[in-house]
Structure formats: structure tokens, C-alpha cells
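Single-letter residue listing:
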Amino acid sequence: MCIKQSKMRKSNLIIAFLMISCIINAQEKGFKEISNAEKVKTELARLTENTKTIQSLFVQEKHLSFLSENIISKGEFLFRSPNQLRWEYSEPFEYIIVFNDKNILIKDENKISTFDTESNKMFSEINNMMIGTIQGNLFADNERFDAKYFENSTQYLLELEPKLPEMKSMLKKILIYIDKSDISVSKIKMIESSDDYTSIEFVNRKLNQEIGNDRFIVK
Amino acid sequence: MSLPTKNQLSNLLYLFRNTEYHCVFHKKKLVCNSILSYALFFIIIIAPSCSNPYKSLPKTELQPGQIKEVPYALPFSENAFIYKTDMTFYKNEISGLLIIKKTDENIYRIALTTQFGLKIFDFELNNGKLKVEYCVEYLNKSLILKTFESDFNLLLLQNRFDKLLVIENPETKQKIWQFIDGKYNYNYIENVNSASIENIYLKKRNSEKIRVGLDNHKNDIPGNILLEHQNIKLKMNLKRIQ
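Line by line, the protein sequences give chains A and B.
Going by the numbering used here, the first residue of the first sequence is number 1, and it counts up by one from there.
Going by the numbering used here, the first residue of the second sequence is number 1001, and it counts up by one from there.
What the hints contain is simulated information worked out from the structure, not anything from laboratory work.
Quick caveat, the model's predicted, so the values are computed rather than measured.
The reader is advised that the hints may include incorrect statements.
Claimed, not checked - Computed footprint of chain A on chain B; a stretch qualifies when at least three of its residues, placed anywhere within it, have a C-beta under 8 Å from a C-beta of chain A:
1. 1061-1073
2. 1077-1085
3. 1131-1140
4. 1200-1210
Ideal Cβ placement from N, Cα and C applies to all residues, glycine included.
All chains, please: the whole structure from these sequences, using the hints.
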């Protein structure tokens, strides 16, 4: 009897411990799920309308389970509505990738390559995902993603789960952190099925400042 | 005497076929005979000398445990290495970061990610056997995976071998660390002056299959690695960033 009771106590303790750790885990992020998603969607629609240009520095972190330290890359990011992007990596080496309408230009060690998004499916997906994330229309894409909405006092967190098999095989989830103050994307986290992830944090963001055409050309 | 290689045999067959044609239609027996004698000369004299360039050089057989004497730290270091990578595979160009980490004795993780961080492949090389943790669909084909397996085995000195020889060539100031496994041999060529491995060759019955050039060494770790296949269109260009 005593043994049975102590076993029960033990199992109760384990269940309680698991429940507490789950709660702590959810609280660790500090975000709680938003029940009224429609209100947030309207709020986020401002993201698309308000964001004409973005100029920002970025810090990219790649986490691989078998490495003790993340791999850090840094650079400058530019966006101009509706479909121009420039990622200029300065660390660990110089590399520029420009998405300009249907063209992709890459400069790697003074070698310039040009691709067409329509002929390259992978680049086309990356292009759609990046522009969709920045502009905010990715979370309205019900055909390709299931979206969940969370918030804390300063940020919205959107959790996107890919629906299409080819996207699903690459990514388990995309997390988009949006600052409530100016409704702009401050961080993107792409989580792979293995739980390895890439996070890109946008720092010193400047919204809606003039960016010249020459920044979306590679020379 | 070594047997002629497949290429040498096909050259000979071609020679014989042409000879036959020559004999039947032109009846020039003298020419025919001289070509046959040339072929015989080729088999006896040239073929063996081509097959083993190190034959006359002094060689010492080493114990398998002496593998760590090869001045090539990439397989032995506990640190993670990151190389900027450009890979050309037939018409595909793949670029990103190649990460190599020794996780245990003779066990390595090898991952390639794009600039944006997404993984292209993630392999474990365990005692020479490649296990796929993740691989994009277009590369996840058994023939391609076999090719990666032999490439990374060569780069990380994980080839199975029956015999390890060290051959000294004072004329070229080279020391050849030769790993022999039946019809395969793996040659790690050390420049005696710099004490660095500057070339690696994988040969099958003395026909070269993979050639690797290594330079810009720091602490026996190559800064640049260029790996080229001789029979398929696959090239890997690696530049160390960490």
C-alpha cells in the first residue's frame, strides 16, 4: 500500500513537473496566443501599406545542433516596394544578392551572375518568401501557410507552418517578430524539421527613406 | 609487372581494329607488323612504367596507427571548420558554407548551407559510411550520395586501406603517403619544403578518378581546396573562413 502510494506520489510529481516545465517553456518566450486574429490581421495590413522602403543592418545566426557556437553573418538589407530586395553580406565574406522584379543578381568575389526567378524554382520560392515576410502578405497566404498569432507587450509574433510538401520538407516553421511601435519586422526565424534554425535580426531599421535605383543593380 | 589499365586496353583494341582494317583492305603487311610490334612494345615497356611512377623510389611500410604522421590536420582536429563553397555539378551551381566537425573518433558531421542559412545537405560520415541526416531532393540520389561519400572520405582520410606506404622522391622534393585498398590507391603528396599536403589523388587501377589541390595552409589545415572529378562533371572549390 505504502509502496503504491509513494509510486502514485512520484507519478503525480512527474506530471506536475512536466506541466510546470511546459508552462515555463511557453512563458519563456513571453508571448501568448491571440484569440481574435481578425483584429491583428487588420493591424498588420498596415505593414504592407506603410512599408514603402526599409533600410537596415542585419545579423544572421545559423544554429546547427552539432556545433557549440552559432555561425554569425552580418550585412545590410534594403527593400523597396513592391518587389526589390538587396542583401549585402559583409561578414564572414562579401556576397551580394539582389532580387529586382523577376531578376536575381548575385555578386560573389567579383563574379556577377544573373538568374530569372521564373526559370529557377528555388530562387523564386526564396524571393516570394522574403518579400512576403517583409511586406506582410505571407501570413495572409492561406493556401501555403497555417498562421497562428501571438503577442507580448511590445511585439506580435506570427507562427507560419508551411502546407506545401516541397516547402514542408525544407522548413517546419517560420516565426516573424513584428514591433508594435512601427509595425515593422524586427526578426525572422526559420526552423527546419531537425530543429536547426536560421534567425535574421534587423537592427537600426529606417523606414520609408529614399533608396536610389542604383542600389538594386550589381556592378 | 602491372596489367594495362582499361584505358590502355581500349587504346590497344582501337589500334588492333585499325590494324586489321589496314591489313584487309590494303594488304600492307609490313605496316601491319610494325604497328603490332609497337603495340607489343607498349604492353611490355611503356604500360608498366606508366602504371607506377613511384616504383623505383624507396618506400617504407607504416603501421595503420601511424596515419597521424601525415601532415594533414583536417581529419584529426577537434575544431569545426567552415569553408565558403562553390560546387559545380553538371549544369548546377551550388554555393554556400560547408561545415565540417569531428564529433568522435572517425565520425564527422558535414553540412552545406546556403547564404541564407537553409541546409542543402547534412551528412554523418561514420567510419567511412555516409548517413544522410538531411538532403535536398535534387541531390538525394544514391549515385550522387556515393560520390559525396568518396569525396569526403578522401578529404577526411577515412578511406579503408590494407597497406600504408610512405615513398620519398628526393628529385621532386615530395613525400608520397600512399594508402592501398585492392584496386584503389589514395596518394597524399607532401611538399617536403613546406611540410604540407599539396595534392591528393584517388586512383583506380592507376587511372586517376579524383584530383585535389590544397594550398594556403595554416597549422596543417588547408585554406583552399579544389576537388575535381576526372570522369564526371563535379568540382568543389572550398575557401576556409573559420
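Consistency of the hints with the structure:
{"no.": "1", "hint": "1061-1073", "result": "violated (count 0)"}
{"no.": "2", "hint": "1077-1085", "result": "holds (count 3)"}
{"no.": "3", "hint": "1131-1140", "result": "holds (count 4)"}
{"no.": "4", "hint": "1200-1210", "result": "violated (count 0)"}
Checked against the numbered hints above, the structure violates hints 1 and 4; every other hint is satisfied.
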